[in-house]
Amino acid sequence: MILSKIYHWIPVIAFSACLLESEAAADILENSSSTGHYRVCWNDDPTTEATVAWTQFEGAPGTVHFGTQDQGRRHHLYELKQVTHRATEYDGIIQCF
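Using the numbering used here, you'd call the opening residue of the sequence shown number 344 and step up by one each time.
Since the hints were derived computationally from the structure, they do not count as laboratory data. Be aware that a few hints might be false.
[To be verified] Label-pair restraints from in silico Cβ distances:
(1) Asp-434 with Asp-387: 17 to 23 Å
(2) Gly-410 with Asp-434: 31 to 37 Å
(3) Glu-432 with Cys-384: 18 to 24 Å
(4) Ile-436 with Asp-387: 25 to 31 Å
(5) Thr-411 with Asp-434: 27 to 33 Å
(6) Leu-420 with Gly-379: 18 to 24 Å
(7) Arg-429 with Glu-401: 17 to 23 Å
(8) Thr-411 with Tyr-433: 33 to 39 Å
(9) Asn-386 with Gly-415: 16 to 22 Å
Because the structure is a prediction, the values reported are computed rather than measured. Each residue gets a CB set at the ideal place from its N, CA and C atoms; glycine is no exception.
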C-alpha cells in the first residue's frame, strides 16, 4: 500500500480489517482486526511517500486509517484512509501492502 499523502511527520496508523463507509461506523469504538508485523518502508522521497505493510492473520485485507492526531483504535475518527493496494499469500500467510 503506497500512501501518497505523507507529510514531514510519521503518520499515526490504525489498521482495520474492514472498510466502513456507513453512518454506523461512528458507533464502533474499537476495531477488532487481526493483524501484526507492521512495517513502514520509506520510498524514493520519504517526505511524500511510504509503503505500509502488515500481516493479515484473519479476515480480508483492510484499510489503513491515518492522520496527524492519535485517535487510538477508533479508526472512523482518522482524517485519511487508504485501501489495500496489494495482498499476497505464501504458505497460508497473507501480507498486505
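Okay, which hints does this one fail, numbers in order?
As far as the earlier hints go, 1, 5, 9 are violated by this structure, in ascending order.
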